[in-house]
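*Asks:* Spelled out from the first residue to the last, the chains are:
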Amino acid sequence: MRHVRRAGACGKAALFASLLVFAGFLLPASRAVAMNIQVVKSPGGITAWLVEEHSVPLIGMRFAFEGGSAQDPAGKDGVAHFLAGMLDEGAGDLDGKTFQERMEEIAMRMSFDDARDAFYGSLETLSENRDAAVALLALALSKPRFDADAVERVRGQLLAGLAYAARDPDRVATDQWNALAFSGHPYGRPTQGTQATIQKMTREDLREYWARTFARDNLRVVVVGDIDAATLGGVLDTLFGQLPAKAQLTPIVPVQPAAAEKFKVIEMAVPQSVARFGLPAFPRSDKDFIPAFVVNTVLGGGVMSSRLWEEVREKRGLAYSVHTNIQPYDQTCVFSGGVATKNEEIANSLDLIRAEIKRIAAEGPTEKELRDAKDYLTGSFALRFDSNAKIANQLLWFWQEGLDPGYVDRRNAEIEAVTLTDAKRAAKRLFEGRDLIVTVVGRPKGLAANPQPRG
Amino acid sequence: MLQSGLCRSTLLFSLTFVLAMFTATIDTLKASPAVSTVTEFKLDNGLQVIVVPDHRAPVVTHYVWYRVGSADETAGVSGVAHFLEHLMFKSTDKIASGAFSKIIAKLGGQDNAFTNYDVTGYYQRIAKDRLKTVMEMEADRMVNLRLTEREVATEREVILEERRSRTENNPSAILSEQMSAALYQNHPYRIPIIGWMHEMAKLSREDALSFYKRFYAPNNAIVVVAGDVSVDEVKSLAEAAYGSLKPNTDIKQRVRPQEPPHRAPRRVELKDPRAGNASVRRYYLTPSISTAAPGEAEALYLMMKIAANGSTSRLYQQLVSEEKIASSAGGWYSGSGLDSGSIGIYAVAAVGVDLGKLEAAMDGVLHELREKGVTEGELDRAKKAFIAEFVYESDSQSALARRYAEGALLGQTIEQVNDFPAAIARVTVADIARVAAKHLDIRNSVTGTLIPVPSEPEREAALKPGPGKL
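Chains as they are written, first to last, in our numbering: chain B, 1 to 455; chain E, 456 to 925.
I should point out that these hints are in silico values taken from the structure, not numbers from a laboratory.
Incorrect hints may have been included.
What the hints assert, rightly or not - Straight-line distance between alpha carbons at most 30 Å, and here's what the computed BS3-like set of lysine-lysine pairs gives: (1) Lys668/E - Lys368/B; (2) Lys561/E - Lys358/B; (3) Lys315/B - Lys827/E; (4) Lys368/B - Lys549/E; (5) Lys583/E - Lys143/B; (6) Lys726/E - Lys287/B; (7) Lys839/E - Lys374/B; (8) Lys549/E - Lys374/B; (9) Lys424/B - Lys561/E; (10) Lys779/E - Lys200/B; (11) Lys97/B - Lys812/E; (12) Lys779/E - Lys287/B; (13) Lys445/B - Lys557/E; (14) Lys97/B - Lys587/E; (15) Lys561/E - Lys315/B; (16) Lys587/E - Lys390/B; (17) Lys262/B - Lys287/B; (18) Lys707/E - Lys668/E; (19) Lys424/B - Lys657/E; (20) Lys390/B - Lys839/E; (21) Lys97/B - Lys657/E; (22) Lys561/E - Lys264/B; (23) Lys424/B - Lys287/B; (24) Lys839/E - Lys97/B; (25) Lys561/E - Lys549/E; (26) Lys827/E - Lys445/B; (27) Lys315/B - Lys657/E; (28) Lys557/E - Lys428/B; (29) Lys368/B - Lys587/E; (30) Lys358/B - Lys549/E; (31) Lys726/E - Lys374/B; (32) Lys583/E - Lys368/B; (33) Lys561/E - Lys143/B; (34) Lys812/E - Lys200/B; (35) Lys839/E - Lys368/B; (36) Lys827/E - Lys390/B; (37) Lys561/E - Lys374/B; (38) Lys557/E - Lys315/B; (39) Lys390/B - Lys657/E.
Since the model is a prediction, treat every value here as computed from it, not as a measurement.
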C-alpha cells in the first residue's frame with residue numbers, strides 16, 4: 001500500500017527554496033545512480049522534485065494528480081480516460097485545432113494519460129519556448145473547453161477503440177482478470193469504460209471529474225532539464241496556481257484480489273489462447289515487499305533469466321512470452337503474469353506455471369538465484385536513469401509510492417539486504433496454499449476448472 | 456550530480472540552433488551540417504564502428520547490427536533470418552546453452568535483438584565498465600555459434616507462437632501482411648519478416664547455420680556504442696574484442712530482385728469477426744532515403760506530416776473533424792528501407808459509414824494534395840514539428856545509437872545523418888508538389904479494407920428470432 005504524503009502548505013510566501021538536496025554514491029561508481037534531486041517549493045506552495053540538467057536546452061515535466069480511473073463515478077466508467085483525450089482539444093479562447101497548431105508552432109509536446117490511481121500529464125519544451133509552452137499547458141489544465149464537437153470526436157475514437165479492444169485477446173484477458181479479482185471494487189471496472197458508459201458520457205461528467213480531481217493537494221510534479229529552482233517556482237504557480245487547493249476525492253477502500261470462481265474462460269475464435277493469472281501480493285509497507293520483489297525476479301520478472309522463461313519457453317517452446325510482475329496500487333498490491341500458447345497446449349503452460357509457483361513457495365530461490373537476481377536488480381538500476389524522460393518518470397513513480405528522494409540512494413542497499421531466509425519467507429507467504437486467479441481468452445483445449453498442479 | 460553531456464550537447468545544441476534559425480528565417484536558411492563528436496572508424500577486418508558519446512549516466516548501449524535481414528533470405532526458407540536471431544542466444548564454446556542473457560542480467564545489463572527486412576540487430580544496455588565483456592560475448596557469437604537439433608526444434612515452436620501472437624491473433628496484422636504481399640510484386644519485401652507459417656514450420660538447423668555462415672562476419676557488421684565512453688576507449692576495446700575475427704570475403708554487395716513498373720492498382724479485402732470497426736488503408740510504393748534523389752525523401756516526410764500525421768493534418772481535419780465520417784485517420788512515410796520506401800494512409804469508419812464513401816473522402820484529400828500541393832504556412836509548421844521530434848528523440852541513448860546505425864546501414868555518412876534536420880529545413884513547397892505528383896500514383900498502390908463480420912456463434916444467434924433481434 002502506498003502511503004500518501006501530502007505537501008503541506010508553506011507559510012513563507014515569496015520564498016524560492018531548495019529545501020533538500022540529496023546526492024550520494026553508495027555502491028561502486030558504475031552501480032550507483034548519482035544525481036541531485038532538489039525539492040522545490042513555489043511561492044504559492046506547490047512542491048516539485050527537480051533535477052537540473054543544463055547541458056541540453058530542453059525541459060521535461062511529468063506530473064500526476066492522485067485519483068485516476070478509480071475516481072470514475074459509478075456508471076461513468078472511463079470518464080478519466082475520456083478526459084485524457086480532451087485536454088488538448090481546446091482551452092480558453094483557443095478551439096482544438098488552433099490549440100494544436102499553437103503547440104506545433106512552438107514545437108512543444110504535451111500529453112495526458114490515466115491510470116488506476118492517478119491522472120498523468122507531461123510537458124516537453126525547448127528552453128527558449130518555455131514561457132509559451134507553460135502558458136499553453138496552464139490553459140489546458142485550468143480552462144478546458146470541452147466543445148461539443150470535440151467531445152463527439154473523442155467519443156467516436158473511444159468507441160472505435162473499445163470495439164477493437166473487445167476482439168483483442170490480451171485486452172479482454174486483462175479486463176476480465178480485473179473484473180474477476182476486484183469484483184465490486186473500483187479496481188475491477190474497465191478503465192477505458194464500456195460502449196454504454198462512453199455513449200452516455202456528457203461534457204458535464206467530464207467537467208465534474210476535472211473540477212473534483214485537478215487540485216493542488218493531490219498533485220506531484222517532477223521536472224528534469226534546463227531550469228533552476230527559482231524559475232521553476234514561478235512556472236509551478238503559473239501552471240497549477242489557478243487550481244483549487246483541495247481535491248474532492250472519493251475514498252477508495254483497501255482490497256485484496258479474490259474470486260469465488262478462480263478460473264474463467266472467455267471463448268474467442270483465435271488460434272492462440274492468452275492467459276492472465278495473479279494473486280494478492282504485499283504492500284510496500286510490508287517487510288516482505290522487497291524480498292517478494294526479488295523472488296518475483298527469480299520466478300518470472302527477470303524475463304530472459306527467470307524460471308518460467310526456462311521451463312515454458314527455453315525447454316519446451318510453449319510460448320514466445322511469459323512474464324510476471326508485482327504491481328503496487330494505492331489500495332492493493334498484485335502479483336500477476338501472462339502467457340500465450342496455442343489452444344492445444346495452453347493447459348500445459350498453465351500447469352508448468354502452477355508447478356513452478358508451488359516449487360518456489362516450498363523451497364524458495366537457491367542461494368545462486370538470489371545472488372543473480374540481486375546482481376541484476378542493483379546493476380540495472382542505473383539504466384532507469386539514462387535519459388531526462390526516464391528520470392522524470394522514475395522519480396514521479398517513487399514519489400507516488402510514498403518514497404522520499406533519498407530512496408534513489410538507498411534502494412540498491414535494500415535489495416542487497418535481502419537474505420535467503422527473507423526470500424524463502426516471502427515466497428512462502430506469497431504463494432503457499434494459494435490458487436491462482438486465471439482468465440483465458442481463446443479456444444483452450446483440455447483446461448480443467450480445478451487443475452491439480454503437477455510436479 | 457549528473458555529468459554534463461558536453462559532446463551530446465554540442466550535437467543537440469546545433470539542432471536546436473537549426474530549429475531556432477529556421478523559425479526566424481525560413482526562406483534564407485542555409486543550414487550548415489550539425490557539428491558533433493560522433494565518430495566512425497573501421498577495423499582492418501572490415502568491421503564498422505561508430506561511437507556516440509553521451510556522458511549523462513555511467514551506462515552504455517552496445518549495438519551489433521548485421522547487414523542482413525529477411526529480404527536476403529533464399530526463396531522457400533522465409534523466416535530464417537529471424538529464426539537465427541533467436542538461435543544466436545543458444546551456445547558457443549564459451550557460453551553454455553541459453554546462458555547468454557543470464558550472463559548479461561547477472562552483470563546488471565539488459566539485452567535483446569530484432570530482425571527486419573534489411574538488418575538483424577543485437578544490443579546490450581549495461582554499466583560502462585562491462586562494455587569489454589559484452590563486446591567479447593558478441594564477438595564470440597559472431598563466429599562460434601553452436602546449435603543442437605533439440606535447441607532448434609524447441610526454438611522453432613517459440614517462433615511459431617510468436618507468429619500466432621503477432622499475426623494470427625490480430626486481423627489488422629494479417630491485413631498488413633496481405634497488403635505488403637500485394638504491394639511488392641517482385642522484391643522480397645513482400646514476404647513477412649517473421650516468415651510464412653508453412654515455411655517456418657520446416658526451418659532446420661542446416662538452414663539456420665548456412666545463413667549464419669553466409670552473412671555473420673565482421674565485414675558485414677556495424678557496431679555502435681553510445682554512452683559514457685570516449686572514442687579512444689572504444690577503439691582499443693573494439694580492436695581487442697573484434698580485431699582478430701576473420702572477414703568473410705564471399706560476402707558480396709546486396710542485390711535483391713527489384714520491382715518492375717507497376718501497372719495496375721491492387722485491392723485486398725479481409726473479412727474477420729475480430730475486426731472491430733470497418734477500416735480502409737492504402738500503401739504506395741516510393742523511394743527510400745537510400746534510393747531517392749537528393750531532397751526527395753525529406754519532401755515525402757513533410758508531405759505525409761502535413762497530409763496525415765496527427766490531428767492538425769489534412770486527412771484528420773477533413774475526415775474526422777469536418778465530415779465526421781471517420782473516428783480516426785492518419786498516415787506516414789516510411790523511408791528507411793534499403794531498396795524502397797512506402798507511404799501508408801488509413802481511416803477507421805465512424806459507425807454506420809460506408810467504406811466506399813470513406814475511401815472516396817481519403818482520395819479527395821490525396822487528390823487535392825496532388826493538384827494543389829501545400830501552403831507555406833503548413834510547410835513551416837510541419838518542419839518545426841518534425842525537427843522538434845528529432846531533437847526530443849535525442850534524449851534517448853538507444854534512439855541516438857539507432858539513428859547512426861540506421862544511417863550506416865543505408866550507406867549514409869555521419870555528416871549526412873547530422874544534416875537531416877537541415878535537409879528537412881531546405882524543403883520547399885515546390886519540392887512537395889513534385890513528390891506528390893510523382894508518387895501519389897494509384898498504379899503504384901494497394902488498397903486494403905478490413906470488414907467486421909459476425910462470428911459463428913453470433914451468426915447463429917442472429918438467425919434465431921427473438922427480442923431485440925432485427
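*Asks:* Hint by hint, note whether the structure agrees.
*Replies:* Hint check results:
no.	hint	verdict
1	Lys668/E - Lys368/B	violated, 36 Å
2	Lys561/E - Lys358/B	holds, 25 Å
3	Lys315/B - Lys827/E	violated, 60 Å
4	Lys368/B - Lys549/E	holds, 20 Å
5	Lys583/E - Lys143/B	violated, 47 Å
6	Lys726/E - Lys287/B	violated, 54 Å
7	Lys839/E - Lys374/B	violated, 45 Å
8	Lys549/E - Lys374/B	holds, 24 Å
9	Lys424/B - Lys561/E	holds, 20 Å
10	Lys779/E - Lys200/B	holds, 19 Å
11	Lys97/B - Lys812/E	holds, 24 Å
12	Lys779/E - Lys287/B	violated, 55 Å
13	Lys445/B - Lys557/E	violated, 33 Å
14	Lys97/B - Lys587/E	violated, 52 Å
15	Lys561/E - Lys315/B	holds, 21 Å
16	Lys587/E - Lys390/B	holds, 26 Å
17	Lys262/B - Lys287/B	holds, 28 Å
18	Lys707/E - Lys668/E	holds, 13 Å
19	Lys424/B - Lys657/E	violated, 44 Å
20	Lys390/B - Lys839/E	holds, 24 Å
21	Lys97/B - Lys657/E	violated, 53 Å
22	Lys561/E - Lys264/B	violated, 37 Å
23	Lys424/B - Lys287/B	holds, 13 Å
24	Lys839/E - Lys97/B	holds, 17 Å
25	Lys561/E - Lys549/E	holds, 16 Å
26	Lys827/E - Lys445/B	violated, 58 Å
27	Lys315/B - Lys657/E	holds, 19 Å
28	Lys557/E - Lys428/B	holds, 25 Å
29	Lys368/B - Lys587/E	holds, 24 Å
30	Lys358/B - Lys549/E	violated, 34 Å
31	Lys726/E - Lys374/B	violated, 50 Å
32	Lys583/E - Lys368/B	holds, 24 Å
33	Lys561/E - Lys143/B	violated, 51 Å
34	Lys812/E - Lys200/B	holds, 27 Å
35	Lys839/E - Lys368/B	violated, 53 Å
36	Lys827/E - Lys390/B	violated, 43 Å
37	Lys561/E - Lys374/B	holds, 8 Å
38	Lys557/E - Lys315/B	holds, 15 Å
39	Lys390/B - Lys657/E	violated, 42 Å
In this structure, the hints that do not hold are numbers 1, 3, 5, 6, 7, 12, 13, 14, 19, 21, 22, 26, 30, 31, 33, 35, 36, 39, in rising order.
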